[in-house]
Amino acid sequence: MMSEYHITEYGRQKILKEVVMRAQKLVIDMMW
Amino acid sequence: MKPSSNGRGKLPEAPATPTKLPPLPLLQDISQYSNPQITAVTAASPTTTLEELAHLVRLCTYQERKRAHSRLRLQRSLVSTALSARLARCGELAHRTLVDNFRADEKKNFANLYNAIHDVRNSCDATRRYALLEPDLDNGRANPTDGEASNVLTTFMHEIPQRPRESLLKFLTQIRTNPDYLASRISSLTAAELSSLTIFHQGLEPINSVLPFHNRSKGHVSSNLRISAHIPSAVERLLSFQRHDPLSALIHTCFANSAGPDSGEDLRRTDVWATTCARLITDQKTGTEQFICSVLNVWTAMRDWSGRSSMEWYLMKILEDGAFLLEKAEDQAGTRIHVEPRNAKDSIAADEFYTAAVQGLFEVVDDPGAGGIPEGLIELGNAILRKLDPKWHHATRRFLISKWLFSVFLLNVVIHPEVVRVYFSPLFTADPISLME
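Protein chains in written order, with the working numbering: chain Y, -19 to 12; chain W, -1 to 435.
Don't take each hint at face value.
[Unchecked claim] A few chain W positions that, by computed beta-carbon distances, are all more than 10 Å from chain Y:
#1 Leu180
#2 Thr268
#3 Leu375
[As the list claims (entries may be wrong)] Here are the simulated SDA-like cross-link-like pairs (lysine to any residue), alpha carbons at most 20 Å apart as the crow flies:
#4 W:Lys389 with W:Lys401
#5 W:Lys106 with W:Glu234
#6 Y:Lys(-3) with W:Gln357
#7 W:Lys401 with Y:Tyr(-10)
#8 W:Lys401 with Y:Glu(-16)
Calculated from the structure, these hints are not laboratory results. Just so you know, these numbers come straight off a predicted model, no measurement behind them. Glycine included, C-beta positions come from ideal geometry on N, C-alpha and C.
Hey, can you work out the whole structure from these sequences and the hints?
The following block contains the structure:
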């Protein structure tokens, strides 16, 4: 998936990781 | 039924008694031994000629040979498809390790694994070319009397002495048909033993952070495991073809190749592993979470994830929409050069973007039409819940969603989408039987 695109490491951290970590936090806050 | 000694023509003269049944032909159902056309011919004539009998005997012999031949081909096809599936799984794991090596800048490890993959590929290609030169099963038989011997598929099982073979078959039967058997044995393992069962699947768990990845230790597995067990290298993992991987052996090798979640074999496998996971949950043993996560990872890889394309679209959209976050901090190569302090306007824009992106992620996951939640999780998760007492349901659902789905699966998919499910069919297209035997 997305193997034809180059995602910079900083972009990964600043966008992808930040988004999924925020989603993860919401889920954990709701369920625990 | 004993035939009457009076012969066919004298039957009506025999005294009719209530206990005497009418005589039946020796072969009551000749449809198994002949085709309908021949049956019609014989049924039309009151007697069977010697020529017809000879024809039936020849036909019977031919069909017996044909049946044995078809059976052999079927067995070989089953072995071939199972090995192809195994090669595809090995290729998937190797691809993931290649991505890890690339990101960690581990050039030597990358090169070693890359060369090993191409060695395997070349071996498969050579096997395929060689197989084309081999005579077909039909043509290779010079003498019809050799048919019996050549129609038997011999495997390593036939080389094992009878008693160990019976023990092995009994063991396999227990694993396959008695869910409590595997569950009781897995649940009796210590934490270290449980961890060593998943040794081939460790180091492949998602990476929680991006940049610190470069500082991870080689092999990146837990330190207690590193002391207790030999950690196979990526090349060893590939060339092992899952023969030394206990978890894969228990999930894949002990069962036939998957024919879909609704097939009898897959239902049996799911029942066995749901029972095992449920037992571990109720026993609350140390290491249970990691073990069940590994099992769920295997299940997810075994099943399709139809949400892949919508997730890909979603990721491209947030990368595009969030590009403004990177504009002031990256050079052309994507290296972070400096970060200017944000003003209030930038902060508001960033927060709005993140809120919308998180909302979008939930929409992707919560889209049953697009299959946002992996089928493997739904299948095995529901099976585990059915095995559990209701008092465990809430905690188990919480574990499956917050721990596995959001902290393992989605974390990996969103941060490292390149690692997700690729198809290696072009790589391993050759018949791999001789490679594995």
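Which of the listed hints are broken here?
Hints 7, 8 not satisfied by this model.
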